[in-house]
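Asks: One letter stands for each residue in the lines below.
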Amino acid sequence: MTGDDRAQERLRWRSRRGLLEMDLILQRFMARHLAALEGDDLIVYDRLLDLPDNDFLDLAMGRSEPEDPAWRPLLQKIRES
Amino acid sequence: MALPKQTFDAVIVGGGGSGLRAALQLSEAGHHVAVFSKVFPTRSHTVAAQGGIGASLGNMQEDHWLWHMYDTIKGSDYLGDQDAIEFMCRKAAEVVYELEHFGMPFDRNADGTIYQRPFGGHSQNFGERPVQRACAAADRTGHAMLHTLYQRNVRARCQFFVEWMALDLIRDHEGAVVGLIALEMETGQVVIFQTKSVILATGGAGRIFQSSTNAFINTGDGLGIAARAGIPLEDMEFWQFHPTGVAGAGVLITEGVRGEGGILLNAQGERFMERYAPTMKDLASRDVVSRAMDQEIKEGRGVGHEKDHVLLKLDHLGAEVIQKRLPGIREIALKFANVDPIREPIPVVPTCHYQMGGIPTNYYGQVVVPRGDNPAEPVPGLYAIGECACVSVHGANRLGTNSLLDLLVFGKSAGDHLSQWLKGNPQQRDLPKDAADRTLARLDRLNQATTGENVAEVGLDMRRAVQQHAGVFRTGQLLSEGIDKIRVIAERARHTAIQDKSQVFNTARIEALELENLVIVAEATLVSAEARTESRGAQARDDFKERDDRNWLKHSLWSMEGSRLHYKPVNLQPLTVESFEPKVRVY
Chain A
1 MTGDDRAQER LRWRSRRGLL EMDLILQRFM ARHLAALEGD DLIVYDRLLD
51 LPDNDFLDLA MGRSEPEDPA WRPLLQKIRE S
Chain U
82 MALPKQTFDA VIVGGGGSGL RAALQLSEAG HHVAVFSKVF PTRSHTVAAQ
132 GGIGASLGNM QEDHWLWHMY DTIKGSDYLG DQDAIEFMCR KAAEVVYELE
182 HFGMPFDRNA DGTIYQRPFG GHSQNFGERP VQRACAAADR TGHAMLHTLY
232 QRNVRARCQF FVEWMALDLI RDHEGAVVGL IALEMETGQV VIFQTKSVIL
282 ATGGAGRIFQ SSTNAFINTG DGLGIAARAG IPLEDMEFWQ FHPTGVAGAG
332 VLITEGVRGE GGILLNAQGE RFMERYAPTM KDLASRDVVS RAMDQEIKEG
382 RGVGHEKDHV LLKLDHLGAE VIQKRLPGIR EIALKFANVD PIREPIPVVP
432 TCHYQMGGIP TNYYGQVVVP RGDNPAEPVP GLYAIGECAC VSVHGANRLG
482 TNSLLDLLVF GKSAGDHLSQ WLKGNPQQRD LPKDAADRTL ARLDRLNQAT
532 TGENVAEVGL DMRRAVQQHA GVFRTGQLLS EGIDKIRVIA ERARHTAIQD
582 KSQVFNTARI EALELENLVI VAEATLVSAE ARTESRGAQA RDDFKERDDR
632 NWLKHSLWSM EGSRLHYKPV NLQPLTVESF EPKVRVY
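Protein sequences appear in the order of chains A and U. Just so you know, we're using the working numbering here: the first sequence kicks off at 1 and counts up by one. Just so you know, we're using the working numbering here: the second sequence kicks off at 82 and counts up by one.
Calculated directly from the structure, the hints in this document are not laboratory data. Possibly wrong hints are sitting among the right ones.
[Unchecked claim] Quick list of the computed label-pair ranges, beta carbon to beta carbon: (1) A/Asp55 to U/Glu425: 50 to 60 angstroms; (2) A/Asp55 to U/Ala83: 37 to 47 angstroms; (3) A/His33 to U/Gly505: 47 to 57 angstroms; (4) A/Arg28 to U/Ala83: 36 to 46 angstroms; (5) U/Glu181 to A/Asp5: 11 to 21 angstroms; (6) U/Thr194 to A/Ala35: 52 to 62 angstroms; (7) U/Gln529 to A/Arg28: 56 to 66 angstroms; (8) U/Arg424 to A/Arg28: 31 to 41 angstroms; (9) U/Lys504 to A/Ala35: 34 to 44 angstroms.
Ideal Cβ positions, reconstructed from N, Cα and C, are used throughout, including at glycine.
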């Protein structure tokens with residue numbers, strides 16, 4: 001196992017949430033994108049995972065927009081998953 | 082093998098509402114406390130609670146704790162223990178005001194008092210008319226509660242072990258709880274925590290059902306830990322269901338959709354509720370609608386490849402009504418069912434929401450087990466609180482807004498009781514020499530196994546079996562077939578193999594360990610439900626349609642060893658008031 005694999009596994013665990021809706025959205029996102037995430041995307045995903053569940057859900061459902069425009073490309077992938 | 086060891090006065094397993102409330106009580110009293118959580122505490126499942134906290138503050142209309150007590154007992158279908166229910170309803174105002182003092186952002190009335198919402202089942206004067214009793218913080222009550230309690234715990238210097246999974250209790254030769262074995266996910270390190278006491282606060286195990294509103298973390302770890310340590314599980318046949326969860330996802334579609342004119346259809350396109358409830362039809366009460374839906378599915382009139390759901394049709398309401406009055410519903414249907422309800426019906430199925438049963442406790446949160454003539458003798462050093470515990474204040478059916486109240490009242494009560502107990506029991510007891518042997522053997526098997534059952538497949542089979550055999554619509558035959566199935570599945574769960582053998586954030590290993598806990602809960606549920614030959618609250622037996630107080634006004638206790646059942650009486654004697662005698666439950 002490489003360090004990158006472990007970084008992804010850490011994110012996989014941290015994608016376990018308090019809200020079922022977020023579990024489902026992130027499960028689909030990870031199935032499509034986690035293996036290919038690298039560099040800045042890994043950092044942005046980690047930041048998103050730090051958000052409270054309700055705020056993250058609002059972003060994922062498109063009810064609100066992120067303050068940092070750098071989050072948009074990854075968030076778009078989450079919204080489309 | 083020598084494991085690293087740390088020492089505490091109290092170890093709390095679970096960082097949700099009840100765990101945080103107990104931790105705060107102990108930390109502020111100066112005890113050395115550790116809280117273990119699989120996820121960051123403010124991302125516990127308490128965050129999903131929206132409804133509010135029930136308390137008879139009387140800010141909207143006249144109210145009294147005795148009326149709240151009556152509503153709770155009636156809601157429980159008389160299986161709730163009346164001493165614990167009186168305790169909870171009398172303490173409700175105090176714990177709400179404390180939370181307000183801690184900074185909880187409650188909704189307010191113009192005069193500055195806490196605003197209280199209406200909620201089903203709450204009444205004035207013993208069922209005369211509805212009363213507004215729910216204290217809320219917009220639709221984020223659980224979220225606000227977790228943040229408020231977490232901040233306060235940090236201030237009190239409570240120690241958090243985040244991203245740790247608790248594995249097993251350690252009991253000494255006298256049965257006292259003297260330690261906890263836990264696994265750090267980041268390193269894979271197994272550590273022994275020597276402690277004077279353990280509080281289990283791990284939440285519900287709703288993930289035993291295929292359709293569940295529970296987050297993925299709700300795997301009944303505390304129930305598995307207790308059962309493996311020889312503690313029976315109480316009233317596990319009682320699970321609360323919501324009629325309309327999105328099939329295959331579990332996300333709830335509010336009852337408001339049927340209120341606006343949405344109707345339920347079976348595979349033949351029939352509006353089947355006309356047969357079950359000719360007057361109320363799709364607007365009949367939750368349990369009636371859930372049971373009708375499940376019966377349609379069981380009798381082969383379900384929709385889809387597996388014929389495992391029915392349809393909620395609302396396109397006839399028109400795009401304008403849907404977009405204007407039900408905007409959130411369209412969003413949920415598009416996201417989680419992949420259908421646009423303006424054009425197509427939403428696939429729905431009765432969905433598990435809340436676990437009424439759990440680890441047996443008294444109203445101090447002490448775990449109690451039968452011993453000799455005493456049906457409820459405390460286990461020294463062991464407490465359980467919140468959804469994983471059965472006090473029992475919810476009996477056979479929980480009243481809305483009483484779950485958050487339960488977390489606060491019994492979290493605090495356990496903290497207070499344990500704080501007093503620690504003063505009289507200042508010594509750490511010795512750990513048995515073989516303290517971690519069984520746990521390490523379990524982990525070792527998983528590490529060594531190169532071939533075996535696939536965790537995800539066994540998990541799916543378990544959830545399907547529980548949904549099919551212990552759903553809303555139950556018969557003796559369905560349940561006993563379910564027991565046979567679940568025993569095979571439980572055996573498979575003990576023979577899993579995982580490909581990833583890493584020590585660092587090994588999610589596959591965690592999921593294998595969670596599955597071992599879930600199958601214990603699943604077996605307890607099926608065995609307890611099969612034996613209870615009556616219908617009461619959330620247990621609806623088609624072959625025993627009536628409540629049977631003569632034979633079944635008692636709590637089930639399921640023991641893992643031999644999968645045996647015992648029973649103990651319901652406590653019908655409140656603390657200070659007259660008993661509420663069982664009556665037919667009519668709303």
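Asks: Compare the structure with each hint and give your call.
Replies: Consistency of the hints with the structure:
no. : hint                                    : verdict
1   : A/Asp55 to U/Glu425: 50 to 60 angstroms : violated, 31 angstroms
2   : A/Asp55 to U/Ala83: 37 to 47 angstroms  : holds, 44 angstroms
3   : A/His33 to U/Gly505: 47 to 57 angstroms : holds, 56 angstroms
4   : A/Arg28 to U/Ala83: 36 to 46 angstroms  : holds, 44 angstroms
5   : U/Glu181 to A/Asp5: 11 to 21 angstroms  : violated, 47 angstroms
6   : U/Thr194 to A/Ala35: 52 to 62 angstroms : holds, 54 angstroms
7   : U/Gln529 to A/Arg28: 56 to 66 angstroms : violated, 33 angstroms
8   : U/Arg424 to A/Arg28: 31 to 41 angstroms : violated, 23 angstroms
9   : U/Lys504 to A/Ala35: 34 to 44 angstroms : violated, 54 angstroms
Violated hints for the displayed structure, listed by number in ascending order: 1, 5, 7, 8 and 9.
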